[in-house]
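Protein chains in written order, with the numbering used here: chain A, 1 to 260; chain B, 1 to 260; chain C, 1 to 260; chain D, 1 to 260.
If you are wondering where the hints come from, they were derived from the structure by calculation, not from laboratory data.
Every residue, glycine too, gets a C-beta built ideally from N, C-alpha and C.
The reader is advised that the hints may include incorrect statements.
[Stated by the list, open to error] One side of the interface only, derived from the structure: several residues of chain A facing chain B at Cβ under 10 Å:
#1 Ala55
#2 Gly58
#3 Glu132
#4 Ala134
#5 Ala233
4 protein chains.
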Amino acid sequence: MTQSVDLNADMGEGFGPWCMGDDAALLDIVTSANIACGMHAGDWETMATTMRAAARRGVGIGAHPGFPDLQGFGRRRMTMDSGSLRNLIAYQVGAAQGIARFVGAELRHVKLHGALANIASEDKEVAWSCYEAALAAMPGAGIMVLAGSAQQAAAEEIGAVAIHEVFADRTYNDDATLVDRKQPAALIHDPDIASSRMVEMLQQGAIITESGKVIPTRIDTICVHGDTPAAVALAARIRDALLTHAIEPRRFRCVLTTVE
Amino acid sequence: MTQSVDLNADMGEGFGPWCMGDDAALLDIVTSANIACGMHAGDWETMATTMRAAARRGVGIGAHPGFPDLQGFGRRRMTMDSGSLRNLIAYQVGAAQGIARFVGAELRHVKLHGALANIASEDKEVAWSCYEAALAAMPGAGIMVLAGSAQQAAAEEIGAVAIHEVFADRTYNDDATLVDRKQPAALIHDPDIASSRMVEMLQQGAIITESGKVIPTRIDTICVHGDTPAAVALAARIRDALLTHAIEPRRFRCVLTTVE
Amino acid sequence: MTQSVDLNADMGEGFGPWCMGDDAALLDIVTSANIACGMHAGDWETMATTMRAAARRGVGIGAHPGFPDLQGFGRRRMTMDSGSLRNLIAYQVGAAQGIARFVGAELRHVKLHGALANIASEDKEVAWSCYEAALAAMPGAGIMVLAGSAQQAAAEEIGAVAIHEVFADRTYNDDATLVDRKQPAALIHDPDIASSRMVEMLQQGAIITESGKVIPTRIDTICVHGDTPAAVALAARIRDALLTHAIEPRRFRCVLTTVE
Amino acid sequence: MTQSVDLNADMGEGFGPWCMGDDAALLDIVTSANIACGMHAGDWETMATTMRAAARRGVGIGAHPGFPDLQGFGRRRMTMDSGSLRNLIAYQVGAAQGIARFVGAELRHVKLHGALANIASEDKEVAWSCYEAALAAMPGAGIMVLAGSAQQAAAEEIGAVAIHEVFADRTYNDDATLVDRKQPAALIHDPDIASSRMVEMLQQGAIITESGKVIPTRIDTICVHGDTPAAVALAARIRDALLTHAIEPRRFRCVLTTVE
């Protein structure tokens, strides 16, 4: 195969007695897993269990920090100054490293969650604060960014290894932002449409918007979901379509700098 | 001076808007600070602020993990299996490392908190589980143990750098355990008595119990408290008494193995 | 029908984005619902949604308070003095009343959850503390007690309306306690065995233990579960068996005293 | 005395091991206490202790619900839809009632806290949602509103018993809103200025803004604070000034409708 792409999904999003999504099924599909770090979801048990399962299958592991809001699953915007944000991110990335070391896995990347990710995709200062803290806590971490957003701009300015991400099940506006979830055309449910669209984007090296506009961008990873059986089926279809078109699902390359 | 000893205190035990104790005063007295890690007290802000202040004064920094019980301050016993305990410790030690790296400080040791420490001082298996996870998350960490307890036994068996601790304001039973807090003679409030007792223990290299029994032990660090003005005054008096008797308050030596 | 019995199940045991069990299916089977109150599970949303659904179907509603331990789902024992316990119960019962009033439903009973219920079934003082607070917060509440346990003794001494409960899927020791979950014979999975056993107990007015011992007791309610599809099927089978034997599933009678 | 006014303060704002402010001192000064309900501060213990102390001194008791954000003390804005808000308020008001009943005290009013109060003072729909739920959970509750704000408008429309509040230590803009805390002139620290200003407002029956504008309004209660010794001294001075000018500090009248 001449081309490859990473496939990532959020995982370990349970808490205590509660599960979310079908992590086992996803681990057979994706090549990178973003692990919730205890603030919006995930606890020490969930994190350890999920990281062990991911490591066993060779799936790359990343920290997925979010707002401290379990009840709202980190999806509510909270006003937080940049100093607090930095500490919050360093805490979560460190906690993920602690668990990763304990289970003998390697943490490779960081991806922001939920409302925090949304704010960071609009506001470069917020993204910068988060990434600066993530890199201080974990030098050399790959920073997974929404391609074309303020997240990408911040990661580039900060000199991070940016992993450019597109979404398999979301449509795009002409400025490369995602169509708002409240809009009817925001979500793509049809596996055929989603998978052929992903293949097309990868072949063209560009985001293709709802209007048909082509926005050239590097694409390192595709985000898929596993919260419903349909989402898992969609993810599997995309993986198949990639293979059919000689695009290999392979975790992104990442060479972490030595710590200390 | 021919002899030295570490002076440690729990710090960063606030949460959100709430403070506890006079950390600023303590930082002029102690040589090591045990920082709460977010489960029984301490949050990302408190941790960062306290570590920065400690690092600025050359005070050694340690993680102080406890049970996940903010409302009970980690002082209520909770039944938790050893697998959960390991993950819980790895999470907290990792979080502390994340903050330490972000603020440019160095984490050197781990000391258990509250009810978890009490259980670990009685039950070697519990202590072993906690220390094993702490060392996996932070190879080479100094493990601060209650001298003569199951904590010490576990740390020795596991081959950890054990930092042997005695308490300045607590009396001892003849089996080297602390007199129960509910007993009238459990706490020492008189600064003269507490400081001369510490000097005597250090000079003899032994715990001296209420009955006068002498139990030889290595003593690396003295635990003092800062939750009341009287506690801070007591800590200061002990520091002075040590200096008067040519015992230098100095943070314990610790050479961390390189991570990764 | 000449006989009736209440069928109760724990419900509303989700939290934030997480669900647990099939509440919708259970509401077609049971006649009383025990609603988690936010400490071990349940939040303001879950509580409101579940109470609305229960009220719509005429299912009786009760508060189901537990230990403040979301991550452990209230299943870990915590040491808590009786003063704290009282406040903790009053808080949760009050919160459930607040939601019940807001959604236009009526709170009728209180049943303890998890580790707190276990302790209260062994220790009459603990049960007494909890029930006293529950009744102060909600005068006249029905107190659902494990038949034959310290819970029952406490409720009787306190003069509460005690709702005597037996478990459909658990076996009994000869002292009327439940066989420990860790024992192989603790759980009954076979719907035929469970349902015929329930019918027999109700017809005899007695708990029938594993050894065949018959312990006469009043039986007001049967506890069923809904956390797995098999549990829901078991509950449905029991309901059917009751009807077949002319035992009507009907919510227990409860006349609340007027508040204020 | 021919005139009277209520003096209110937020209390019970500790959590677990942490205290905030000098509640004991404040209880000798104020006539109404707003009790935190466990979401931004306050737990079952703190609530019970504070309500008992308030009831003992004849100080009126109210619920003081806020956002579910302990670490941020409810001062961070969170996006929450009106359905969630209603449930959140009903939960907290109910919990406060549960504790009040258990300690034998009477809950009389509801006042919103922090960021939630700020939003409700700007957005009538938010205020309306909160008050509607509060009144459903506690029929007849007095609703303490920031005089001249959207809070007041909502309470009036909903037909609630509105308790009109002015702040002793905050300055006002010409539209009756509070000067933003970030502005240099937002806070009044001088006890002479604050107390004479309060007397003037009460005598004129009007808010007097920084520019000198007089905005006629009913004033039922004055908000004072107790988080610092200076704040307590300021509150005491205001009380003295009121007495000197024949204005009696007296808790507002409130006749709760009978529940159920």
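Hint check:
1. With a least beta-carbon distance of about 14 Å to chain B, the hint placing alanine 55/A at the interface is violated under the 10 Å criterion.
2. Interface hint at glycine 58/A: violated, since its Cβ lies 19 Å from the closest Cβ of chain B, which is beyond the 10 Å cut-off.
3. Among the interface hints, the one on glutamate 132/A holds; its C-beta lies about 9 Å from the nearest C-beta in chain B, closer than the 10 Å criterion.
4. Given the 10 Å rule on beta carbons, the hint for alanine 134/A holds: about 9 Å separates it from the nearest Cβ of chain B.
5. For alanine 233/A, the interface hint is violated, the least distance from its beta-carbon to any beta-carbon of chain B being 32 Å, above 10 Å.
Violated hints for the displayed structure, listed by number in ascending order: 1, 2 and 5.
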